[in-house]
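Asks: Given next are the chains, with one letter for each unit.
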Amino acid sequence: MSPELEALVARLVDERVHTRLQHVESALAALKAAPPTCTACPEDRASLVVFSGEMDTLFAALTIGVGAASMGMQVSMFFTFWGLTALRKSKSYAGKSTAQKMVAMMLPDGPAHVPTSRMNMGGLGPPFFKYLMKQRNVESVPDMVALAQELGVKIVACEMSMGVMGVTREELLDGIDYGGVAVFLDDASRSKISLFV
Amino acid sequence: MSPELEALVARLVDERVHTRLQHVESALAALKAAPPTCTACPEDRASLVVFSGEMDTLFAALTIGVGAASMGMQVSMFFTFWGLTALRKSKSYAGKSTAQKMVAMMLPDGPAHVPTSRMNMGGLGPPFFKYLMKQRNVESVPDMVALAQELGVKIVACEMSMGVMGVTREELLDGIDYGGVAVFLDDASRSKISLFV
Amino acid sequence: MSPELEALVARLVDERVHTRLQHVESALAALKAAPPTCTACPEDRASLVVFSGEMDTLFAALTIGVGAASMGMQVSMFFTFWGLTALRKSKSYAGKSTAQKMVAMMLPDGPAHVPTSRMNMGGLGPPFFKYLMKQRNVESVPDMVALAQELGVKIVACEMSMGVMGVTREELLDGIDYGGVAVFLDDASRSKISLFV
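Keeping their order, the protein sequence lines are chains A, B and C. For what it's worth, our numbering labels the leading residue of the first sequence as 1, then goes sequentially. For what it's worth, our numbering labels the leading residue of the second sequence as 1, then goes sequentially. For what it's worth, our numbering labels the leading residue of the third sequence as 1, then goes sequentially.
Just to be clear, a hint being listed does not mean it is correct.
Since the list gives no way to pick one copy over another, a pair counts as held whenever it fits inside one copy or between any two copies.
What the hints assert, rightly or not - Dumping the calculated SDA-like pairs for lysine to any residue here, alpha-carbon to alpha-carbon at most 25 Å:
hint : residue 1 : residue 2
1    : K154      : E171
2    : K154      : P142
3    : K32       : Q22
4    : K32       : P3
5    : K154      : M71
6    : K89       : V183
7    : K89       : E43
8    : K154      : C41
9    : K154      : R45
10   : K32       : D143
11   : K154      : E170
12   : K154      : Y178
13   : K89       : D174
14   : K154      : V183
15   : K154      : R190
16   : K32       : R20
17   : K89       : G163
18   : K32       : D44
19   : K89       : P142
20   : K32       : H18
21   : K154      : A182
22   : K154      : L5
These aren't lab readings, by the way, just hints derived from the structure by calculation.
This is chain A alone, in the form it adopts within the complex (with noise of 0.2 Å):
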């Protein structure tokens, strides 16, 4: 054979078919090594019920809120029911219904005096929560949601059982959110951790 053909068969080879080998083998190289994303894969994101009401759960649902937002998590709390303890600022029955008035004096004045799940004898339980947790430098739950909002947590209150319960938005916080159901359905399935508190 000659070394002629040989050669030719060479750079033919190369001239016609050598460049588009190149790119189809840089190509798979790079889907190799960059997988891509897929649309369904959740984000880095954690969204959160806050549906209970006393000291201790509001404390670990915001523990869990504050740390992973200082995790550099997106967090979205929502807060309903109970949980909208956490919201207010101060008690108010002008405009309310006799039932909703009933609600309103049931329900603590603030987070600074929600009561806690387990260590409420005789209104005992609060305050000695609370000086056992100043003991260990721990936050409260009013500095707890101050926090969040400065860390860019996204607060919502439940607008369902606002209208329920009788909440007024004057009695909740400024800079805060309002929604549904849908609002938290929809960070949550965005989303890589989601929880009922």
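Based on these hints, arrange chains B and C on the given structure of chain A.
Replies: What follows is chains B and C alone, placed relative to chain A:
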């Protein structure tokens, strides 16, 4: 070298390589255009364990379940322990041990009679809560369960807690599923949202 | 042109291209058969916060954890606040402040003595519940914790709540981990299922 030879080599290169290369190129283009949905991605599902049996927690769980179903998600609700209350249609003492009869007595008569977790002072709580909800045109727990069933929510009664608590299938609603924790885990591991209520 | 020449050219073309092309084709087939798992996808993990300390909630949390581990998932359980009860082996008053001694007194003696969340009438609840569970050959809470450890469930005690509540490592089971909320968040953000119990 003769132009004939060059033409021959060119033709053979095309014949032997062109088709295969074209095939690879189009497959690669297709892969890039529609990156594969990886199998570990969550599906558009929400899965809930409903453990608590109070009216407010049941209501919250059902609001989330019905909401998710309304948004087009496939919803699975696994009712266990006190949560079974939401699925009861009537009390039954037949064929139960004395201990199981005691549990039956302790359990409320069905979802229309469950207490609230917080406002149950002297029995005032539930009718009061129901009154507030009715005022605001909010559905009751039994209505919510019926609505969930209509919307195609998969409702599963936990067989193990039924066994422990002596609840029989006859006491529970028609058209529901029965299963163990594996059913929940299987659904939840494919879900975007999983919650324990 | 001679058939010999044609055969020769064909062989030369194959030599230069065939191997590379075959390589590309098989890599492409492999990519299609097993699409790359994108890095944001959840792993086959389940992560639980165990906040509640009642027998029934502990039992539910452990049933889910043990169930997930049995199904081959990597399970992480973060015990915080009242949930720490499940990990206690004995009470200790040594080296505690008066306030912490009060918490120690209030906490049950260990997972074998925790109350149920609902049937605790005059102390009747827990032994009654245990009796029902034994009748049905259902494991007790301490047995479930031991089983979880055997199955390789990662058990983490929350250091912050240990500090607040004055619980020491000596009071908790051997072979467990210690950490803060970041440990839970790190595990949960890689998990298919995350729950707050």
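Asks: First find the shortest C-alpha distance between K89 and G163 inside one copy, then the shortest across copies, and answer within, between, both or neither for a cut-off of 25 Å.
Replies: Cα proximity of K89 and G163: one copy only (17 Å, versus 30 Å across).
Asks: Could you place K32 and H18 in one of the four classes (within, between, both, neither) given a Cα distance threshold of 25 Å?
Replies: Both: 21 Å inside a copy, 22 Å across copies.
Asks: First find the shortest C-alpha distance between K154 and E171 inside one copy, then the shortest across copies, and answer within, between, both or neither for a cut-off of 25 Å.
Replies: Within. Shortest intra-copy distance 18 Å satisfies the 25 Å Cα cut-off; inter-copy 39 Å does not.
Asks: Can you give me the call for K154 and R45, within, between, both or neither, at a CA distance of at most 25 Å?
Replies: Cα proximity of K154 and R45: in one copy and across copies (11 Å, 23 Å).
Asks: Within a copy, between copies, both or neither: which one fits K32 and P3 at a CA-CA cutoff of 25 Å?
Replies: neither (39 Å within a copy, 41 Å between copies)
Asks: For K32 vs D44, is the C-alpha pair at or below 25 Å within one copy, between two copies, both, or neither?
Replies: both (22 Å within a copy, 22 Å between copies)
Asks: Should K154 paired with C41 be assigned to within, between, both, or neither, using CA atoms and 25 Å as the limit?
Replies: both (21 Å within a copy, 24 Å between copies)
Asks: Given a CA cutoff of 25 Å, do K89 and D174 count as a within-copy pair, a between-copy pair, both, or neither?
Replies: within (9 Å within a copy, 45 Å between copies)
Asks: From the Cα coordinates, with 25 Å as the cut-off, is the pair K89 and V183 best called within, between, both, or neither?
Replies: within (23 Å within a copy, 33 Å between copies)
Asks: First find the shortest C-alpha distance between K154 and P142 inside one copy, then the shortest across copies, and answer within, between, both or neither for a cut-off of 25 Å.
Replies: within (16 Å within a copy, 33 Å between copies)
Asks: Given a CA cutoff of 25 Å, do K154 and M71 count as a within-copy pair, a between-copy pair, both, or neither?
Replies: Answer is both; intra-copy 15 Å and inter-copy 22 Å each pass.
Asks: What label fits K154 with Y178 when the C-alpha limit is 25 Å: within, between, both, or neither?
Replies: Within one copy only: 10 Å inside, 30 Å across.
When each numbered hint is compared with the structure, violations occur for hints 4, 7, 10 and 22.
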